[in-house]
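Engineer: Modelling step: build the complete structure from the supplied sequences, incorporating the hints.
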Amino acid sequence: MIENLIKIILIVVFTLNVLTTANEKVIYAQVGESVSLKPPEDIKNKYTYWYFGKDNGLQLAWLNPFGGRKVTQVEPWNRKLSLSTHALTVTNFQEEFFGEFFCKVTLNGEIVSSSTKYKLIKLSVIATPTSLLLLPGESLSLGCDVGTPQNENIHWINPQKEREHKNHETVSKVATSEDHGLWTCVVENEARAQVFITVIDLFFDPPRQYTSTNSPLSIPCSLRANITWEQVKEKGAQKIQWHFLPKPSLRVTSIERQRLFILSVEDPLTWKVDEDRGLRPAPDLKTGNFSLTRDQGVEGDRGDYVCSFTFRNGVTLSRSVHVDILQIVSSVGTNIRSGQEVNLSCSTAESLPSDAMLRWFSPDESELKQSDHHGAHLTIKAAGTGDSGRWRCELWQGHVWLTTEIITLQISEEGAHEVKLGAWMLITICSSAVIFILLLVITLTLCHRRRKRKMKPGRHQFCQCKNPKPKRIS
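Position 14, counted from 1, in the sequence shown is what UniProt numbering calls 14; the numbers after and before it change by one each time, with no gaps.
Keep in mind the hints are simulated off the structure, nothing from the lab. Predicted model, so just to flag it, every value in this text is computed and none were measured. Hints may be right or wrong, so weigh each one.
To be verified - Derived pair list, reagent style SDA-like, types lysine to any residue, alpha-carbon separation capped at 25 Å:
1. K122 / R224
2. K44 / V31
3. K44 / G32
4. K286 / W229
5. K46 / Q94
6. K122 / N108
7. K44 / K122
8. K235 / S172
9. K247 / E234
10. K122 / W229
11. K247 / K173
12. K272 / R224
13. K233 / R319
14. K239 / R312
15. K46 / K122
16. K44 / K117
17. K117 / A29
18. K161 / V195
19. K117 / F98
20. K173 / Q194
21. K239 / K122
Structural biologist: Quick look at the structure:
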């Protein structure tokens, strides 16, 4: 009998515990955000009451099935509550709002179900440094505090949307450029607290740029997006410099590193020119743009350009940009006689990326079709006057245009007549010389044979006189 009674008591306690747990919801929130508390069931055609602190405590709001509703006007809740059939919403959640909320649903004066308790737990992020502003190499510490001794499942998600390996509420590391962005603390795979970490760095522009003597030159260098000039000064920026290391060539033999510009981070911001190569810095430096430009490239632009940013603590941010020149070379120059074969080559000093492509564009009157012009080399079998004009070579990477080079060919029709006339004259002269030599050989041969006949011994000659006279013998 006693054993049965104990079993019944245990069952009742277990059932009450399950019901209590089922009617209690834990919600994590941050100070300043909006929190929505959803009723436990469909409250259509029912009366709904919301309380704070305890069941039947401070009434925050009520809603009836006839459209009537009311929210409390007392402080500190005034103008922070809104009510609908879907939820009770608390805007700009304050420190004193953390605690227990209760929702009671009735129908015809009777309680439909036991009150639902919402336990609001403060979720906060603790960051070091508190300014949330770092340079690469500085220490970063992030903590996620849930304000209770419970062993919640807490982990962090970094700006790359990847979960940090350690399943812990704290992240400690040396900051890198990849740590820039939104960090998210996740509690019980549901609640989220976010903090934005700013790591000052230069924007990752393409490390290789292309230009030509017919295209503008742009050497990019800028702060990454959403970083202000005031933040840069706050971290102790000292100076910005541009250096150039030319690539050796037939025309450029000096490979010493040259400093092009230097800028001290003091008002007014003004670039000092050390080596004038005709490059122009960006006009408004406070926008974080330190790029160099020129209207046209030259062959001497080929090489490496380094943009560096130095801070008081010794940290230096730098980006290197390699510039290459697109050139067109003609096998016979640009002044061409009609009928000549012309080979055009379009290339850079170094090999192009695998996804790069060259496109040729011929003059409008050329007989070569546009679809035939792909690749670094183009051959005009017999140049005609229609091939005179601008031949354009464009460099593309995927669907992005990089640069364009142009060569102008001049095809001369008069030159063709001179070529033909010169050829016929050469043939005529050669033929005459051959005939002359043959005649000379024949003449010499005949003369030689005749002389041999005259000098042959034992040969008698007969007199061919009309009145021959006998020879007297004395």
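Engineer: Can the restraint linking K233 and R319 be considered satisfied, given a maximum Cα separation of 25 Å?
Structural biologist: The given pair, whose Cα atoms are some 19 Å apart, holds under the 25 Å limit.
Engineer: Next pair to validate is K44 with K122; report whether the Cα-Cα distance is within 25 Å.
Structural biologist: Outside the cut-off at roughly 31 Å; violated.
Engineer: Taking 25 Å as the top limit, are the C-alpha atoms of K122 and N108 close enough?
Structural biologist: Measuring from Cα to Cα gives roughly 37 Å; hence the hint is violated.
Engineer: For the pair supplied as a hint, K122 and R224, confirm whether the alpha-carbon distance does not exceed 25 Å.
Structural biologist: 34 Å, violated
Engineer: Taken at face value, is the distance from the CA of W229 to the CA of K122 at most 25 Å?
Structural biologist: Roughly 35 Å between the alpha carbons, so the hint for K122 and W229 is violated.
Engineer: Against the 25 Å threshold, does the CA-CA distance of K44 and K117 hold or violate the hint?
Structural biologist: 20 Å, holds
Engineer: K46 and Q94 were given as a pair; does the straight-line alpha-carbon distance stay at or below 25 Å?
Structural biologist: The given pair, whose Cα atoms are some 30 Å apart, is violated under the 25 Å limit.
Engineer: Please work out if K117 and F98 have their alpha carbons no farther apart than 25 Å.
Structural biologist: 13 Å, holds
Engineer: Can the restraint linking K235 and S172 be considered satisfied, given a maximum Cα separation of 25 Å?
Structural biologist: 21 Å, holds
Engineer: What's the verdict on K117 and A29, does the C-alpha distance respect the 25 Å limit or exceed it?
Structural biologist: Given that 25 Å is the threshold and the Cα spacing comes to 16 Å, the pair holds.
Engineer: Has the given pair, K272 with R224, been kept, meaning a C-alpha gap of at most 25 Å?
Structural biologist: Measuring from Cα to Cα gives roughly 24 Å; hence the hint holds.
Engineer: Take a quick look at whether K247 and E234 sit within 25 Å of each other, Cα to Cα.
Structural biologist: The hint is violated at about 37 Å.
In terms of the numbered hints stated before, the structure departs from hints 1, 2, 3, 5, 6, 7, 9, 10, 11, 15 and 21, listed from lowest to highest.
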